[in-house]
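Visitor: So the protein lines, in turn, are chains W and A. Its first residue numbered 1, the first sequence is counted upward by one per residue in UniProt numbering. Its first residue numbered 1, the second sequence is counted upward by one per residue in UniProt numbering.
I should point out that these hints are in silico values taken from the structure, not numbers from a laboratory. Note that beta-carbon positions come from the ideal geometry of N, C-alpha and C, so glycine has one too.
Pairs of lysine to any residue residues, derived as SDA-like cross-links and limited to a Cα-Cα distance of at most 20 Å, are as follows:
| # | chain 1 | residue 1 | chain 2 | residue 2 |
| --- | --- | --- | --- | --- |
| 1 | W | Lys210 | A | Tyr134 |
| 2 | W | Lys350 | W | Glu67 |
| 3 | W | Lys106 | A | Leu37 |
| 4 | W | Lys453 | A | Val56 |
| 5 | W | Lys449 | A | Arg261 |
| 6 | W | Lys453 | A | Gly55 |
| 7 | W | Lys106 | A | Leu36 |
| 8 | W | Lys453 | A | His48 |
| 9 | W | Lys449 | A | His64 |
Distance windows between CB atoms, simulated:
| # | chain 1 | residue 1 | chain 2 | residue 2 | range |
| --- | --- | --- | --- | --- | --- |
| 10 | A | Gly92 | W | Arg435 | 49 to 59 Å |
| 11 | A | Val26 | W | Asp356 | 48 to 58 Å |
| 12 | A | Leu277 | W | Asn76 | 56 to 66 Å |
| 13 | W | Arg439 | A | Thr28 | 36 to 46 Å |
| 14 | A | Leu277 | W | Lys453 | 29 to 39 Å |
| 15 | W | Thr182 | A | Val120 | 33 to 43 Å |
| 16 | W | Lys449 | A | Leu287 | 40 to 50 Å |
| 17 | W | Arg213 | A | Ser147 | 17 to 27 Å |
| 18 | A | Leu21 | W | Lys87 | 28 to 38 Å |
Residues per chain, in single letters:
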Amino acid sequence: MRRAPFARRLAALLAAALLAAFGLGGCQGSKGQETSAPPEKASSGIATKLSGPVEITFWHAMTGKHEEALRTIAENFTKEHPDIRIKLEAQGNYGDLQQKLTAAAKSHTLPVMAQVIETWVTDFRQNGLVADLTPYIENPEIGWNKQELDDIVEVFRKANQWDGKYYSLPFSKSTQILYYNTDYFQELGLQPPKTWDELKEAAKKLTGEKNGRRVIGMGFENSVGWQFHQWVKQAGGRYVDEATGEVLFDSPEGREALGFLVGLFQEEVARLAGEDQYVSNPFGRGDVGMYIGSSAGIPFVAKAAEGNIHWAAAPVPAGEEKAVAFAGNAVAVFDSAKPEEKLAAWLFIKYLLNTDNTVFWAKSTGYLPIRYSALETKEWQDYVAQNPAYGVGTRQFDYGFFDPRIPGFDAALKEIDKEIQAALLGQKSADAALRDAARAAQAAIDRAKERAK
Amino acid sequence: MDERPTVASFFKAAFYLAPALAVLGVFTIYPIFSSLLLSFYADYDYFHDVVYRFGVDNYVYLLHDPSFWQALRNTALFVLGVVPASLALSLGLALLLRQRLPGMAAFRTVYFLPVVTSVVAISVVWRWIFHTDYGLLNYVLSWFGVSPVPWLTSPRWAIPSLIILAIWKSLGYNILIFLAGLSAIPEVYEQAARVDHATAWQRFWHVTFPLLAPTTFFVSVVSVIDAFKVFDEVYALFGGNAGPVRSALTLVFYIFEKFYREQDYAVAAAASYVLFLLTFLLTLLQLWIGRKIAYNR
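Start from the sequences, fold in the hints, and give me the full structure.
Guide: Structure representation (C-alpha cells):
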C-alpha cells in the first residue's frame, strides 16, 4: 500500500470534523432511534427483476490504470444492461475508503456497493450494514450454479464467507511471492529455494561483496510482522483462532518460526527494507539477493530493477508445511440499498467477476484472477508466458490462507509487528518477544470483543 | 470608534460576525464539546448512535496502556529536544541575518523555504539525507571518521532524527518572528549601550534580549504547542508507521491510530483531551514565567 500521507491527513481531518459532529448526535439519538435489523434479515424476498432504469454508486480505491480498467468494465456492463448505470466514485486509498464508509454508515449515506477488505466486513456485518449476497448467488434465475460458484478459487471463497454466507465477494487479490535476483543466482549457481534450509543456505551464499557492493542475501518488508502468520503456519503451528479469538502462536511452532527469522538476522544474512520503506528499492538496486513480498509489488520491482538487475519470481519456500498468505480486497453491497439497487449491484458483481473480466482485471492491474477457469484461457496463458512473474501467485492457490477476520486484529497486528521487529533488531530475545506479542495481541482482541458487545 | 454600544449596534456587529461565528461554531466549537462528550462514552454502539453508559473508562484505559505512556514520553523528549535548540538557533540566525551583509536577502529566503514546503516533499529529501548507506549525513560524518549511524532504522536514533528534522523545519518561522521582534526595538538603546562601551555580548544580554522577551515568549509558546502536535513528520519519515519498533510513537500518532486504524473512537477522544490539557497547562506555566521575566524587570 503506497499512500499519499498529506491527502490522507486532510481527509482524516475532514472525517474527524464529521465524526465529532455526529458524536453529539449520537447521544441524542439514543432514546428514539431503533436499532436496525439483525444481519440475518435479507435472506428472503429479493428482487429478481428491474422495473425501470437504476443507477448504483460504487465506491472504490482504485487510481490510474486500475481505475481506467474498472471504468472499462462498467461501461461494457452498461452496454449489456442498458437500464443499469454504474456510478464509479473514487474515494482515495483504502484507508480513506474505510474512513468514508464509516462516516457514511454513521450518517446513513452509504453507497449501494463498495470495494472492501474482508476484515471490515466482519465489523459491518456485526452492525447490520452489509447485505447477505447468498440469496442472489443461490437464486436459480439470476444466481450462479454450483459449478460457477466452485469456479471461484477456494481460498477466496472462504475468505468471503461468514457462517456459511457470503457478505462480500473476492475482487482484487494478491499473494506473497519470492523475488530473486537472477544475475546473482546464476553467478553462484543457485536455484530458487524451496525449503527453509535452502532459503538460509541461499541467503548465506548471496551475502557478501559483489562488484564493490555490499549485498545482503535475504530481504524482508518493514512490516515483516504482518507476514508472521505465514511463517507460523509453515512451521506447522496455528496463529489466531478466528472463531474464538484465541492467540495461539506462543507455541513451539511459533518459537521455531521466529527463531528461524531471528537466526537469519543474527547471522547478518537478512535485512529489513529500512529507510527505503519497501524492499523493492534495495532489491532493484542489487543490495538484496532475494525477498518475500506481495505480488502486488511486481510493477514496483520491475520499475526499480530496470537497467540495474535481472530478476524473476518463484513460489514462497515451504517449511514443515506449505502455506502462503492471500490478501487484497472484495466487493460488498450495503443493506441500506433498495431491493432493485441490490439486484443491479449483484448483476454487476456477477459481470465483474466472470472469467473474461477477471482475466482482463488481472492483466490490467497485476492482481490475481479469482477463477480457476481464468487460468485455462488462452489470453491468460499468453499473458503469463510473457510475464512469468504474474503466473507465480496462482500456483499457490492450493495452500493459500487468509488472516483471521476478527475485530481488534489490526490492533493486535500492530503489537505483533512491534515485538517481532524488536526481536529481529536484537532488542529482545525471540522467546520474550513472542510471549509479549502473544500477550499484547490477546489483550487487543479481548478488548475489541468486549467493546463489540 | 466612539460609537456607544446600543442594541442596534450589537445586532449590526452580530450580523457582520454571523458567517464567521457560524463556521467556527459548526466546525470548531461544536466538535470540541462533542469530542469531550465522546471521551466519556464508556459503552456505546457507534453506528446506531446509542450510548449505553457514560464513565471515565477511557481515561482509565489510557493510564494502563503502555503505548500511551511511551507516546507521552516520546512527545516530551521531542519537545525538550526541539524547542530550546530551535529557539537558540533561530535567535542566533536572526541576529546574523540582521547584519547588513551582501546576500542576506537570499539567506532569509533559504531559511524560510522549509516552512512553506510540504512535509511530504521534505521527508522524501530527509529520508535520503538520513539513509544509512547512501545518505548525505553519514557521508559527511564519514569525513570525521564516524561510522554510519542507522538514523531511521534503529529505535535509538528515531527520535533524534525527528528532532533534527523538526529543528531544521521550524527555523524559518521562528527567525521571521525574531527578526520582526528585533526591528521593533528602538535603536537608541543599542546606541546608548555603545556610548557606554558595552561589549557586543553585554549589549545583547543586557539590552537586546530583555527587550525581546515578549517575542521570545510568543515564539516559545507557539513552538511548544507546535512540537506537541508532531505527526506529519513521523508519518512521512517512517512511511505511515511509528518508526522501528514503534520508537517514534508520538501523542498525535497514538490518537490517529486509535481513531482511524482501530476504530477506538472514545479512547482517541480521551487521548486528545489529555493532549489538550497538557498543552494548556504548559502554556499557563509559560505565561506565568513570561510575566515574571518579561514584565517584572
